[in-house]
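Hey, can you work out the whole structure from these sequences and the hints?
2 protein chains.
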Amino acid sequence: MGVVVQKYGGSSVADAEGVKRVAQRIVDAKKAGNQVVVVVSAMGDTTDELIDLAEQVSPLPPGREMDMLLTAGERISMALLAMAVGNLGHEARSFTGSQAGVITDAAHGKAKIIDVTPGRIQTALDEGAIAIVAGFQGVSQTSKDITTLGRGGSDTTAVALAAALKADVCEIYSDVDGVFTADPRIVPTARKRDRISYEEMLEMAACGAKILHLRCVEYARRYDMPIHVRSSFSLKDGTWITDQRDGDETMEQAIIAGVAHDRSEAKITVVGVPDKVGEAARIFEALADAQINIDMIVQNISAADTNLTDISFTVPHADGQAAMAALTRIQDTVGFSSLQYDDQIGKVSLIGAGMRSHPGVTAKFFTSLAEAGVNISMISTSEIRISVVVDEAQVDDAVAATHKAFDLDADDVEAVVYGGTGR
Amino acid sequence: MGVVVQKYGGSSVADAEGVKRVAQRIVDAKKAGNQVVVVVSAMGDTTDELIDLAEQVSPLPPGREMDMLLTAGERISMALLAMAVGNLGHEARSFTGSQAGVITDAAHGKAKIIDVTPGRIQTALDEGAIAIVAGFQGVSQTSKDITTLGRGGSDTTAVALAAALKADVCEIYSDVDGVFTADPRIVPTARKRDRISYEEMLEMAACGAKILHLRCVEYARRYDMPIHVRSSFSLKDGTWITDQRDGDETMEQAIIAGVAHDRSEAKITVVGVPDKVGEAARIFEALADAQINIDMIVQNISAADTNLTDISFTVPHADGQAAMAALTRIQDTVGFSSLQYDDQIGKVSLIGAGMRSHPGVTAKFFTSLAEAGVNISMISTSEIRISVVVDEAQVDDAVAATHKAFDLDADDVEAVVYGGTGR
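From first to last, the protein sequence lines stand for chains G and R.
Residues 201 to 623 in our numbering are what the first sequence spells out, letter by letter.
Residues 201 to 623 in our numbering are what the second sequence spells out, letter by letter.
Simulated from the structure, these hints should not be mistaken for lab results.
The reader is advised that the hints may include incorrect statements.
Treat identical chains as interchangeable: a pair holds within one or across any two.
Stated by the list, open to error - Restricting the straight-line Cα-Cα distance to at most 30 Å, the calculated cross-link-like pairs of lysine-lysine (DSS-like) are: (1) K366 - K344; (2) K604 - K564; (3) K310 - K344; (4) K436 - K366; (5) K344 - K312.
What follows is the structure, encoded as structure tokens:
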């Protein structure tokens, strides 16, 4: 008998009907001979409603209390789901993150899982019950306070539990059929991939594909836990995320996994930085002190006659204002001349483990962009990824042109819905 | 520095404004030099909304999951309250029943507190913080599952915590000014009592006064914990419930504490029961097996010529149907002739520790009812209480006449609102 961990997002359990539909699906997995553990997010808009309530009573709620508040969301969905499963004649027991043994550090709102001790879950399974676990939450090892894992937290809960229980597979259900070669809303001919490697999925997630969160994929890769991304609204197979190195015969040998894009970043340019040792370090230290996450960085070589250089980098929109403020504070000491801020940008990334051994990928990528009339303002590369920053208005054209140039278009196009998963 | 435990009901924290108002009140108690522990119920209609959701997914939800679901309610209110207190510049930490050390038996939906180990609350107080505790909930000693305490549970949580922390007082806040000599909606001249004994309050609660639940008062009496019942909407002193035996000089020496009434019961009469040993036992065994709570019981003496007797008793309306079914099942074996069911009744009770040593109270009570034209259909007495069952339509007249006969009317009548507390 195998162990299957299933994770359902908030859109799958948005109302009583959704809860009952998911319950049937869980029972089907149990009837198929599996031991079933289910990780569930808060229902639909619950989290937003709770955040709204918090804002009404305090402009800056303490992290500990915010976590206590938000974890009420999964408590509701998991209890309802356990009831609905029970109503179908199968015993289900719900467990909070703490009861499920999800031990984290004490960083409220963005806690990291440091251990999983699923003793009560294992007991429930051994006694023939289905275990329903609250996603997104855990308990601090030091303070014993309730913590939340931040964005994508429920996916991470599912993979961490699957690893601790040595499950056969971790199924991540959402309203999307799987991982596509590009966002089907932009590229109607985008194909669903049957399989993709951890590495490729990591780059896809980092480059704006919202289907899975980075931390969840990192966790799965570390523990070699196969993830099956699929829709809770259909019975079709989705996309398997596995370690390509295991030499599975059915594994695709595609050069390119897909084209990802991201409109959530802004570009900041520090103009006229004195080209001396340590100036760049002082700039990025100031940003790190302000807790700003930096993505791409480009530094031009200094013009010989001025000995001044420009440094450009991208940050999430949400961090833009704080980044500008942090830089303004050090303008006098560093001595740069001005700052430029541009939030009308987009990032387009070409991802594929195959490009490692295929020369010419970069040239083909840039040629396709040039032919589509797309201007490139920043470039960054890794072994299995090339990313470019372009005008926001040209993102769609860039994605479509690249998708076509690398022969990713499907012969038969299915109607698909492509959206992000919740927490 | 004294320890004060305050309990706020759902109507006091029904919305963000209410939460902020209560937060200010908590901070005032802290500024007055107290260590403050707050027990809070779920906001306004939260519990009803959660029950409604449960009914949508399952007609008969398991008790364990129902408790998991309902406890989300206090989780929300306590976190919001802690945030609101924090916003006023005082540290507050919220704790679930489990975290607060409220240990119960495993009877989901109606668990009993068997121990309180408030180590984390004491630590919070020692560190200068205000502790906010979820009412109504605990954790099972044996299964480690989350439990709820049933109706009036939050009041019981507050008294139990106050006892464990050796608090100076347990303040129970609601939308009522205190304990009145009768329901002011029926008797506009009813007076708020300044003090009342545990015994009297127990009888008042048992006889329909909704201001405090029976279990909470029992707990307070057992641990000799003074309760101060007061309104969260005013700063006026409410009613102190204490042990009269401590000889406090300011204690009132009234003969009668008040007049309580209860419209929540129905009367069942078993007609024509053979007057043999053990017949009554078989009837009440059948009712006990069906988990029916019996209140008053009256058995007439058997008529000499028939050797048959009638047995009447009262049950909560909610148990009426089940009681009739249980009795019908044993009709053939017991051999009674018929059943009568009457839910148009009301119980009026006169309560006062003083009546022990004052002869003539019973006569005066019955005379006042007779003069008001009220017919009595059942009578039951204890050392400090006399209860009668009357027609439901005559309850108001009976309460008013009794209140006047025992000189309970106030000289100055204040506008008051009288209602029940939540859980």
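Hint-by-hint comparison with the structure:
1. With identical chains, the CA atoms of K366 and K344 are at most 30 Å apart both within one copy (26 Å) and between copies (25 Å).
2. Taking identical chains as interchangeable, the C-alpha atoms of K604 and K564 lie at most 30 Å apart only when both belong to the same chain, with a minimum of 11 Å there against 99 Å between chains.
3. Taking the closest pair of Cα atoms, K310 and K344 come within 30 Å of each other both inside a single copy (16 Å) and across two copies (27 Å).
4. In this assembly of identical chains, K436 and K366 lie within 30 Å of each other by CA distance solely inside one copy; the values are 25 Å within and 62 Å between copies.
5. For the homomeric pair K344 and K312, the shortest alpha-carbon distances inside one copy (14 Å) and between copies (25 Å) are both at most 30 Å.
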